[in-house]
Every structure is written in structure tokens, then in C-alpha cells.
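**Q** Given chain A's structure and the hints, the job is docking chain B with the ligands onto it.
Here is how the chains run, residue by residue.
There are 2 protein chains.
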Amino acid sequence: MTGALAVGIAGLGTVGAGVVRLLADHAALIEARAGRKVTVVAVSARDRARNRGVSLEGLRWYDDPVALAADTKVDVVVELIGGADGPAHDLVMAALAAGKPVVTANKALIAMRGSALGAIEGASIRFEAAVAGGIPVIKALREGLAGDRIAGFAGIFNGTCNYILSRMRAEKLDFATVLADAQAQGYAEADPSFDIDGIDTAHKLAILAAIAFGREVDFGAVHVEGIRGVSALDIAFAEELGYRIKLLGIARATDAGIETRVHPAMVPLAAPLARVDGVNNAVVIEGDPVGQIVLQGRGAGAGPTASAVVADLIDLARGRAAPMLGVAPQALARRAAVPMAAHRGAYFLRLMVVDQPGVIADVTAVLRDHGISLESMLQHGRSPGDAVAVVLVTHVTQEAAMAAAITRLAALESVQVPPALIRIETA
Amino acid sequence: MTGALAVGIAGLGTVGAGVVRLLADHAALIEARAGRKVTVVAVSARDRARNRGVSLEGLRWYDDPVALAADTKVDVVVELIGGADGPAHDLVMAALAAGKPVVTANKALIAMRGSALGAIEGASIRFEAAVAGGIPVIKALREGLAGDRIAGFAGIFNGTCNYILSRMRAEKLDFATVLADAQAQGYAEADPSFDIDGIDTAHKLAILAAIAFGREVDFGAVHVEGIRGVSALDIAFAEELGYRIKLLGIARATDAGIETRVHPAMVPLAAPLARVDGVNNAVVIEGDPVGQIVLQGRGAGAGPTASAVVADLIDLARGRAAPMLGVAPQALARRAAVPMAAHRGAYFLRLMVVDQPGVIADVTAVLRDHGISLESMLQHGRSPGDAVAVVLVTHVTQEAAMAAAITRLAALESVQVPPALIRIETA
Ligand SMILES: NC(=O)c1ccc[n+]([C@@H]2O[C@H](COP(=O)([O-])OP(=O)(O)OC[C@H]3O[C@@H](n4cnc5c(N)ncnc54)[C@H](OP(=O)(O)O)[C@@H]3O)[C@@H](O)[C@H]2O)c1
Ligand SMILES: NC(=O)c1ccc[n+]([C@@H]2O[C@H](COP(=O)([O-])OP(=O)(O)OC[C@H]3O[C@@H](n4cnc5c(N)ncnc54)[C@H](OP(=O)(O)O)[C@@H]3O)[C@@H](O)[C@H]2O)c1
Numbered sequence: 534m535t536g537a538l539a540v541g542i543a544g545l546g547t548v549g550a551g552v553v554r555l556l557a558d559h560a561a562l563i564e565a566r567a568g569r570k571v572t573v574v575a576v577s578a579r580d581r582a583r584n585r586g587v588s589l590e591g592l593r594w595y596d597d598p599v600a601l602a603a604d605t606k607v608d609v610v611v612e613l614i615g616g617a618d619g620p621a622h623d624l625v626m627a628a629l630a631a632g633k634p635v636v637t638a639n640k641a642l643i644a645m646r647g648s649a650l651g652a653i654e655g656a657s658i659r660f661e662a663a664v665a666g667g668i669p670v671i672k673a674l675r676e677g678l679a680g681d682r683i684a685g686f687a688g689i690f691n692g693t694c695n696y697i698l699s700r701m702r703a704e705k706l707d708f709a710t711v712l713a714d715a716q717a718q719g720y721a722e723a724d725p726s727f728d729i730d731g732i733d734t735a736h737k738l739a740i741l742a743a744i745a746f747g748r749e750v751d752f753g754a755v756h757v758e759g760i761r762g763v764s765a766l767d768i769a770f771a772e773e774l775g776y777r778i779k780l781l782g783i784a785r786a787t788d789a790g791i792e793t794r795v796h797p798a799m800v801p802l803a804a805p806l807a808r809v810d811g812v813n814n815a816v817v818i819e820g821d822p823v824g825q826i827v828l829q830g831r832g833a834g835a836g837p838t839a840s841a842v843v844a845d846l847i848d849l850a851r852g853r854a855a856p857m858l859g860v861a862p863q864a865l866a867r868r869a870a871v872p873m874a875a876h877r878g879a880y881f882l883r884l885m886v887v888d889q890p891g892v893i894a895d896v897t898a899v900l901r902d903h904g905i906s907l908e909s910m911l912q913h914g915r916s917p918g919d920a921v922a923v924v925l926v927t928h929v930t931q932e933a934a935m936a937a938a939i940t941r942l943a944a945l946e947s948v949q950v951p952p953a954l955i956r957i958e959t960a
Numbered sequence: 534m535t536g537a538l539a540v541g542i543a544g545l546g547t548v549g550a551g552v553v554r555l556l557a558d559h560a561a562l563i564e565a566r567a568g569r570k571v572t573v574v575a576v577s578a579r580d581r582a583r584n585r586g587v588s589l590e591g592l593r594w595y596d597d598p599v600a601l602a603a604d605t606k607v608d609v610v611v612e613l614i615g616g617a618d619g620p621a622h623d624l625v626m627a628a629l630a631a632g633k634p635v636v637t638a639n640k641a642l643i644a645m646r647g648s649a650l651g652a653i654e655g656a657s658i659r660f661e662a663a664v665a666g667g668i669p670v671i672k673a674l675r676e677g678l679a680g681d682r683i684a685g686f687a688g689i690f691n692g693t694c695n696y697i698l699s700r701m702r703a704e705k706l707d708f709a710t711v712l713a714d715a716q717a718q719g720y721a722e723a724d725p726s727f728d729i730d731g732i733d734t735a736h737k738l739a740i741l742a743a744i745a746f747g748r749e750v751d752f753g754a755v756h757v758e759g760i761r762g763v764s765a766l767d768i769a770f771a772e773e774l775g776y777r778i779k780l781l782g783i784a785r786a787t788d789a790g791i792e793t794r795v796h797p798a799m800v801p802l803a804a805p806l807a808r809v810d811g812v813n814n815a816v817v818i819e820g821d822p823v824g825q826i827v828l829q830g831r832g833a834g835a836g837p838t839a840s841a842v843v844a845d846l847i848d849l850a851r852g853r854a855a856p857m858l859g860v861a862p863q864a865l866a867r868r869a870a871v872p873m874a875a876h877r878g879a880y881f882l883r884l885m886v887v888d889q890p891g892v893i894a895d896v897t898a899v900l901r902d903h904g905i906s907l908e909s910m911l912q913h914g915r916s917p918g919d920a921v922a923v924v925l926v927t928h929v930t931q932e933a934a935m936a937a938a939i940t941r942l943a944a945l946e947s948v949q950v951p952p953a954l955i956r957i958e959t960a
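Protein chains in written order, with my numbering: chain A, 534 to 960; chain B, 534 to 960.
Only chain A is shown next, with the shape it has when bound in the complex (with noise of 0.2 Å):
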């Protein structure tokens, strides 16, 4: 046992906060934890006068963050400031560069600027925290499945999507209702665009795709979509149809390279994806020969994010380690992105058409002329000369068929408004 671990820690915010507070609570049982006590010696925010809901007393402060970093009593930054330019970065550019090990939740910069983080010689830096919140996901695949070849995963990464989309189909509401009342009860940001736009959960997926397939951080090859455009009547048509609706990160090996999307889909209710709801996060990793491994839990919020930056220091006290993206920087894989275009699977699509005779088969048409072929249809009711909803279910097509085929459909005099796509999965 040698001595006590000294933590700065720069970002006294939600998670901050919930760092300083762990480590105070907990003392003794992460002690035991650790071999030696983790303490907090010097910290950073912006106001020094804010009540923070924890005692800041006897720590050393500094109103620029990256002075932590100079401070020869501490021994790790932990960084909670967040963003991947500005302090964030510049703090963990000195700690690096000063030899000083980093602890981090910053999803942004890992994912924006991780490849050039774990180049640098010597790096040590830790961000479990920075996906999926408590759930130890990072530590699951770069150390307990690390005999695993793993061949994608699936996720719901953020919490006010998940919320957002759970509670459209509990209450039959739409987006813009339910979002409204998520920001009024602090459930969504101000400015949702960040998480509804689905940017956090491509972030997320980045850092774990690489993880994953032990390749760089690519986060300019995800497809990214929100959930801006999902509709109470998709909802209710996937609930018909044996699904729900989730936002969700996906990443799979194919043969022509790594394949990383965000985007709402469909998923079977009886897939382990369907039941999570609310802000909770869930994955769903398939690897040889483990097969499929699920890991479920609070995605954010102080507790569960202070938990996974806890972990990472008391690993850190204790001496374990592993590189930044699960093997060495000159033993990372070179695999090509598979653009969205070359993507295969099957489509849930919407149409709004003029309920008259012949539409159907000009539908099918398009869809044919595609080589899209059809497993399923669904209309209800009918109302001639108004719009009706007509559902397809397509076979396993490739998107770039799908995409074509879309065009072509509204640009059809009979389909009234912009056809809604959705893609179906199976995790």
C-alpha cells in the first residue's frame, strides 16, 4: 500500500459535484477498495462563490483549470468540464504532457479528439463515465470480453431520447409535447438539439465502436439521426406491429468494414432493447464465443456518473491499466467505414396516400422496380379521397435501394406528405 492518491478536479458541476461527494461518503470503503485513500487535494470551476452542495474546504482552488494540472501535489486530473475544445482540452493537453495521468466523462473530446489523445506517448487516460453513464460498459468490453472478437453491439446511450420516446408511447403524445414537458422538468436541455439530434449518442458510439474493433475514433463516419421526426403514429403503428421505437447506436463488423449508424428503429418486443424505458441506457453485445451479453442501468445523473469516475481512479490507485482503446496505438486495425448507403436491413415505411384506386399498385411498383420485396402491409380503414396511412414492411434490402425508392414514391401524385422511414433491427 503506498500513499494517498491525490485527485484535482476541474468541473464542479452535476458530475463534479458528485465526485467530490462520493469520494468524501465513501471514504473508507474506497480505501479498502483502492489499498490507499483517494483524496481530493485541489479543485476548478468558474465560480468560486457557488454553493456547490459540498464541502470545498482545505482544497487548494484554481479559476483556470489547466493551473491543476501544474500543481505538483496532485497526482490525477479528473476533467468534468466538458466540450471537446476550450478548457476540457486544454487541461488534459497539459496533464498529458505533464505525465499526469487523466480521468475524464467527456464523451466530445474522447470521441472528437481521441485517436490524437491515445497517440501520445505515455498517455494515461480513463473515461468509462463518458458511455453509458454507471453501467461499466467500457471495462466490459476492453477487459472482460477482451477475448472476444466482437462482431457489433447496440445501445440506447442517452437517457432524454430514450425518456422522450418512452413516454410518447406511454401517454400517446407527441414529440414536441413531450419534449416541452421533459425540458420544464429538467429532463432535456434548453438547448435539446445535442441529445434529440442523436450528436451524444454517435459520440458514445465512437468511443465504444473503437473500443470494440480496436480501431481509431471515427466519429465523421457515423450516420447520425435524431428523433425529431418520429411521430405519435408511428409509434402506434410499431406498437401494432410487435415493436417499439427506440434511438439507438449501433455498430457491426460486416465484410466490407465497420458499420456505425445512429438513428431511431424498430425493435422487436421481445428484444432485450424494447422493455428499457426511461432514461435508463441498455447495450446488446455480440461476441465469439461469448454470444450475447446485455448490460443495463442509469445512463447519467451525478450518482451513477460519479460512480464510473470513482471506478477509473480506484483502478488507477490500484495500478490497472489498459490502452486507451483496448490494444497499443500501433496494433489498432485499419478497417474501412461502411458508408449508410451499403447498409442492409429491413424498413418499416409510412406513406400518406390518396385512398383511390391504383395507388396500391403504384406503390409496389416503385418498391419492385427497387428489388424491394414486401413482408408485410397494413391499412386501416379507408376514407376515399382523404390521405390514409399505408404501412410496408420490407424484406432485408440495402439503403441505397431504399433511399432511391423513397424518391421516387414522393414524387407520386397520390402520396401527400414525405414518406416516414424507419429501420427495423433485431437486438
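Careful: at least some of the hints might be erroneous.
Identical copies carry no separate label here, and so any pair may be met within one copy or between two of them.
[As the list claims (entries may be wrong)] No more than 25 Å apart at the CA atoms, straight line, and that leaves these computed lysine to aspartate or glutamate pairs for DMTMM-like: (1) Lys570 <-> Asp821; (2) Lys606 <-> Glu590; (3) Lys606 <-> Glu958; (4) Lys570 <-> Glu932; (5) Lys606 <-> Glu564; (6) Lys606 <-> Glu704; (7) Lys570 <-> Glu654; (8) Lys606 <-> Glu654; (9) Lys633 <-> Asp902; (10) Lys705 <-> Asp810; (11) Lys570 <-> Asp580; (12) Lys633 <-> Asp623.
Just so you know, the hints here were simulated from the structure itself, not pulled from any lab data.
**A** Positioned in the frame of chain A, the structure of chain B with the ligands alone reads:
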């Protein structure tokens, strides 16, 4: 990067052959993840002539597994023979005495001898495969949730029992029929007692509870009941009441100490464990501040178990270590084991009674005498003179009161067969 990690494997059955195969098939991937080659150099089993479906060419063979430990070329001993005593125990003791790390899948050994092994100065022993096969639950508890105070956990740890209960429910068959079929199909052993009487689950529970609460492995304290008494009738009643019957291993920290128990339990359909079917394992962990974490996957079989063994080998190759039970032996907590009589929970109670006036009054009077209040009562049809099933669901009460009440109920003249009791859990 140092030289190869030289592995000696004793036991080349389902798991041992699986490990040899995985190390060969994923050699390059494992080398990248481990930072060095992981190479089998020596093996031991009983029958040298037996075809195990894997190549043993170039490997030193030992008839006596204990001799593996003395092989100076062997860096790590992998024990895959099984059993708490005999050659498995001898081998592990010899390896530890020789200062060699041990990796094992042997839950009986760890459950029965874990505390003694952990107390050996400098002992390095890894056993991720011993609990829940391919699910990295030991790593999750010991490292991933190292900052959390664990309130408890509940899990499905035996695939054979879960398979039998799943089929009994889905096909409305009785226990004996499904067991016989499971044996014919290789899902259950010829001597199934170890699985169906709950012993295997209790081994795993004892191991996980020690890690979760940082105290000695206390197999003797586990209350153990198996699934022989689960009837098709009660499965049907469970269905009607919105429950599934699962064999659970449960550990909880209460004010009085640690409660550990294995028994069939009714789980509400909405709970994470209710829909875990077939040979799957799953565990629900409650931690502070992480909240609820669910881990699910294959709990046995060559592939999932080998995945866990190889993950342990990679940890070893990377120098990642943790104390056997999460904290140093001298830091283990002394926490009382709570006897089953002190357990508090809700109960499902089924009586077969003669359908005559006054019977229900007699039954409810007994419950009242023992301070047991009812949440609901269920009785189907009426057939005067014949035995009918009466189902009672209690509010939370104490096991001791319940046991006393059942003794009195069983003695009532109108009660035809011994009452069936199944505890209700919320996980
Ligand atoms: N919230 C979650 O549930 C969650 C979950 C997983 C990961 N994360 C990640 O954790 C990180 C922190 O998130 P959060 O929710 O805790 O954010 P937050 O509540 O907005 O807190 C940010 C903190 O950074 C400080 N800060 C901002 N700019 C600074 C500067 N220039 N110099 C020094 N300090 C500065 C702020 O100081 P003041 O307090 O003085 O303004 C504040 O304490 C982000 O990377 C986020 O993505 C969060
Ligand atoms: N099977 C699973 O899915 C699973 C899952 C988790 C954990 N485990 C644990 O893994 C261990 C191995 O299980 P298994 O299913 O692989 O067992 P198994 O198929 O019965 O294999 C046992 C092996 O041990 C060898 N052996 C027995 N006595 C020996 C002796 N005196 N000297 C040398 N070798 C001896 C046998 O040799 P021969 O082949 O020559 O007879 C055989 O190769 C057990 O502790 C079990 O609890 C198994």
C-alpha cells in the same frame, strides 16, 4: 511488452478444451489485447488418448495435474478439473505454494475454500468464469462498481434450472417431464441434484456476496432450496397474478447483517429478471450511488466460460490485479449472517382445501394469529367436497411467522396436502 505468458491447463473437458481452442483461434487478437502472446505450453487430463477436438501437438502432457505447478516453463496454472477437493484443490495449492497465479472456473472450490485461499500470502487467484459464465460480473462488482456501496443483488445463476422453469411455463409441463427431457437433450446432468437443488446457485451466490460486501466467503450461511417442489399449478397461478417463477440467488445487506438465500421466487413480469429465459443467466445489482445495474448473458457452455477464463489470463498478462474479494484480507468486514427466519418479505401461499363452509375463516384466523396480513386471495371455481386451490398473497411479513403459520395450516383438517410457499421478490 514482455515475453509470452506461458499457460498450463489442467482439465480438458468442456471448458478446458474451449480455452485451448479460443487461445488458438483468437491468438492474434488476444496478443494485441494482452500486449503479449498467451500460449498454452502444458496440459493435464486423465485420458491422454481421448479426442478432445483440439490439437495438443507440441504441448507437454501431465497425467498428474499437480505436476503442472512444478513445470518451470509454466507461468500460470489454469484449473478446469472441478470439485472443492481432490486434484483441483491439490493443484491450486501447489501452484500458489510455487508462487504461480491461478485462473479457475471452479465455483465449488472458491465457495468452499475461497477464504482459506485468499488468506494465503501473495496468492493470485482469478475466477471470473466461476460465476455467470461469460458475464463479467465479478469484474463489474469488484472494479466497475468499486466506488459503490452494494445494497444487494439478485440473480439467475443456473441455466439448467432456468431452462426447466422456462419450459414448464411455456409448455405447461410438470417438473419431472421437463427434467427427463432436459437430461435427454444434455441440458441437465444425469445426476441433476447439484443444479436443481440449488447448490450450484448457492456456490455462485456465496462468491459474489463475499465480493459485493467485502467479507469472507460464507457458503454455510446460504439458505438453499431448489426447484423440485415447483409445480405446474403454481406456475399457472404465478402467470395469473402477473409473476414468473425463477430460481434466484439473493444477497442483501440489512441492518442485522448479510442475508444470502437461494430459492424459487415469484418475480413481477415488469422486473428485469422475469423475462430472462432458457439457459441465460442474469444479475440485478443495487448500488449506491449507481442505482440498479442489470447484466445478462450465457452462464455456461464452452464458449462463454472460455471467454471469461481468457479474460482473466489477459488481465494477468497486462498485470491488472485486484484482491481476491475486492479488498485486502485484513480489510474484510465482519458482518453477521442473517438467518432465514429473520427474513422479511411477501409470500405466495397455496393451499389445497376441502371446499366447505368455514375453511377460509379457519385459514385467515391462523394468519391473523401470526400477524400476517393479506394483500390478495384467489380461488377458482367451486367443487363442494373436493380439494380446491386457494392462493393467498401476503404483505411483507417475517419468515418465522410464516413458518409457524404454515405448520398450523398444514395441521388443519380441511387442508389436504402440504401448503406450497413461494417467496415474492421485486427484482
Ligand atoms: N451530467 C451528466 O449526467 C453526465 C453524464 C455523463 C457524462 N457527463 C459529462 O461530464 C462532464 C461534466 O458534465 P456536467 O453535467 O457535470 O456539467 P455542468 O453541470 O455544466 O458542470 C460543468 C462544470 O465545469 C465548470 N467550468 C465550465 N467552464 C469552466 C472553465 N473555463 N474553467 C473552470 N471550470 C469551468 C463549471 O463551473 P461553474 O460551476 O463555476 O459554472 C461547472 O462546474 C461533461 O463532459 C459531460 O458530457 C455528464
Ligand atoms: N461446463 C460449463 O459450462 C462450466 C461453466 C462454468 C464453470 N465450469 C466449471 O469448470 C470446471 C470444469 O468443468 P467442465 O464442464 O469442463 O468439466 P468436464 O467436462 O467434466 O471436464 C473435466 C476435466 O477434468 C479432467 N480431470 C478429472 N479428474 C482429473 C484428474 N484427477 N487429473 C487430471 N485431470 C482430471 C478430465 O479429464 P478427462 O477428460 O481425461 O476425463 C476432464 O478433462 C468445473 O469446475 C466447472 O464447475 C463449467
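**Q** Can you list which hints this structure breaks, lowest number first?
**A** As far as the earlier hints go, 3, 4, 6, 9, 11 are violated by this structure, in ascending order.
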